[in-house]
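If you read the protein sequences in the order shown, they are chains A and B. Taking this note's numbering as reference, the numbering of the first sequence is continuous, increasing by one, and the terminal residue is 445. Taking this note's numbering as reference, the numbering of the second sequence is continuous, increasing by one, and the terminal residue is 445.
Just to be clear, a hint being listed does not mean it is correct.
No distinction is drawn between identical chains; accordingly, a pair holds when it is met within one copy or between any pair of copies.
[Unchecked claim] Computed cross-link-like contacts, DSS-like style, restricted to lysine-lysine with a CA-CA straight-line distance of at most 25 Å:
1. K302 with K364
2. K366 with K224
3. K401 with K366
4. K387 with K417
5. K417 with K366
6. K401 with K424
The set of hints was computed from the structure by calculation and includes no laboratory data.
Number of protein chains: 2
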Amino acid sequence: MNVAIIGIGLIGGSMAMALREKKIASKIIGVDANEMHRQKAIELGLVDEVTDLEKAIKESDLIVLCVPVGAAESILSAILLQVKKQVIMDVGSTKSSIAQIAGQHEKGRRFVATHPMWGTEFSGPSAAVSGAFIDKAVVICNKENSDSDALEQVEKIYRQLGMHIIYMDSTAHDVHAAYISHISHITSFALANTVLEKEKEDDAIFELASGGFESTVRLAKSNPDMWVPILMQNKENVLDVLNEHISQLRKFKSCLEKENFEYLAELIQNANTINRILK
Amino acid sequence: MNVAIIGIGLIGGSMAMALREKKIASKIIGVDANEMHRQKAIELGLVDEVTDLEKAIKESDLIVLCVPVGAAESILSAILLQVKKQVIMDVGSTKSSIAQIAGQHEKGRRFVATHPMWGTEFSGPSAAVSGAFIDKAVVICNKENSDSDALEQVEKIYRQLGMHIIYMDSTAHDVHAAYISHISHITSFALANTVLEKEKEDDAIFELASGGFESTVRLAKSNPDMWVPILMQNKENVLDVLNEHISQLRKFKSCLEKENFEYLAELIQNANTINRILK
Chain A
167 MNVAIIGIGL IGGSMAMALR EKKIASKIIG VDANEMHRQK AIELGLVDEV
217 TDLEKAIKES DLIVLCVPVG AAESILSAIL LQVKKQVIMD VGSTKSSIAQ
267 IAGQHEKGRR FVATHPMWGT EFSGPSAAVS GAFIDKAVVI CNKENSDSDA
317 LEQVEKIYRQ LGMHIIYMDS TAHDVHAAYI SHISHITSFA LANTVLEKEK
367 EDDAIFELAS GGFESTVRLA KSNPDMWVPI LMQNKENVLD VLNEHISQLR
417 KFKSCLEKEN FEYLAELIQN ANTINRILK
Chain B
167 MNVAIIGIGL IGGSMAMALR EKKIASKIIG VDANEMHRQK AIELGLVDEV
217 TDLEKAIKES DLIVLCVPVG AAESILSAIL LQVKKQVIMD VGSTKSSIAQ
267 IAGQHEKGRR FVATHPMWGT EFSGPSAAVS GAFIDKAVVI CNKENSDSDA
317 LEQVEKIYRQ LGMHIIYMDS TAHDVHAAYI SHISHITSFA LANTVLEKEK
367 EDDAIFELAS GGFESTVRLA KSNPDMWVPI LMQNKENVLD VLNEHISQLR
417 KFKSCLEKEN FEYLAELIQN ANTINRILK
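Looking at chain A on its own, in the form it has when it is part of the complex (with noise of 0.2 Å):
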């Protein structure tokens, strides 16, 4: 089937990769709005061809929604004014405020709402990889809310790419990925600018970096453009766990205040625990 690919980033351009490995598409329609990546997309052999919106709906048989979440809704808007037949899936990191844009809809019922648990730090076509979605997780929303066939046509799609299935309401998904990732990106940020920050005073203090902190600041690599409209999206949910977080962080400062070496011990017992979780 032909596939257009609206946004042709690290998510995007990795779809395509995969798509296109596994024989699901014949043909990649590239949409982007950055001459750039269009330009990379081809030279990559992401997408055979690049086009623009308009053209790109028509000649797919599935749309594959890939920019970044506050752009997401207003595209998906123009698609489903135009789309006939045609199945829409999107792959954006907050799903309330599209799952809600689809409802608003007469063609509504021909998206699916998606969030593949995949992502790098990286950006851009020239970040996508192959193989990404492999073993990994999809989360589908409000599955109720799609048509039964082009449900079907996505579960069917993630399946050959190698995904487990998780179905979710959107509301619950929105708050899972503010625990889950979202938080994580937050105290990465953070992180790097607390260490950036001293550094304005010793540039010397790179020089013990180990692997221990490259892998707490590795998210603070993400991307802007990206982030910005997932956390505000996101916003009450996020505030919520950042609340949280920030309340755990003072309690390892009151120990260390306070000297209290057994509390502290409790707390990084308790924090062992997530042992149990991560594979």
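Following the hints, complete the assembly by docking chain B onto the known chain A.
Using the frame of chain A, we list chain B on its own:
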């Protein structure tokens, strides 16, 4: 030469492997307060024999102190009372306190204060790995306080292990370590506790955990027996960094509360500059 490893855990065990692989040690004698660790170290072939501290010191040319930093001070005192021509080095994550202890002993110049910048979130002899120190940095503190032959021997060993030596005052080391290592552990512990707190309400949350979460929370598996003494010994520096970190997190909170998109993008762009520092 004969080497005594005092504390055969993650670092001591990995050091034993490295010293043997590089043919620096002809015989390795292990000392550990934990009977299971002693057995495991023999079973894994990390050490040739296990014995008590007094006998180990007598039979060794080099003594490598690899116990948690709280215990290291009193054991160093005991060693310095017995030592003759031997060289003693430690590998602890804090350096001011142990450097001070050495300074109070007649034989204190036989001691070289070091901190190899390598570790993992695991602990005990089973966590020891081969090739751990290659291409990593090691800090040697207050080198002017060590006998020149002791310093030269330690420098030579670290070079043979493939490490890059950085010289630093113990006070400066502890400030840098707070920024580059200790705060990463606290943020990771606190992040784990934040998410575990949420999990009490909803255990579906971890189905969504992906690579980004695992990366930021990895250090939360670290052992309290190692980390309580480190954080306590370096409490003043750690509190400084923790206060800065909480104030950086509050900036994110304020952006979200006020819907200040522009400042949020600026904070993230600033965090992105960490990129030029990480490899």
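Here is how each hint holds up against the structure:
Proximity of K302 and K364 under a CA criterion of 25 Å is satisfied inter-copy only: 23 Å between copies versus 37 Å inside one chain copy. With identical chains, the CA atoms of K366 and K224 are never at most 25 Å apart, being 54 Å at best within one copy and 48 Å at best between copies. Taking identical chains as interchangeable, the C-alpha atoms of K401 and K366 lie at most 25 Å apart only when they sit on different chains, with a minimum of 22 Å there against 31 Å within one chain. Taking the closest pair of Cα atoms, K387 and K417 come within 25 Å of each other only across two copies (18 Å); inside a single copy the shortest separation is 28 Å, beyond that limit.
Only between protomers do K417 and K366 lie at most 25 Å apart by alpha-carbon distance; the minimum there is 19 Å, versus 28 Å within a single protomer. In this homomeric assembly, K401 and K424 come within 25 Å of each other (Cα to Cα) only across copies, at 10 Å, whereas the closest approach inside a single copy is 34 Å.
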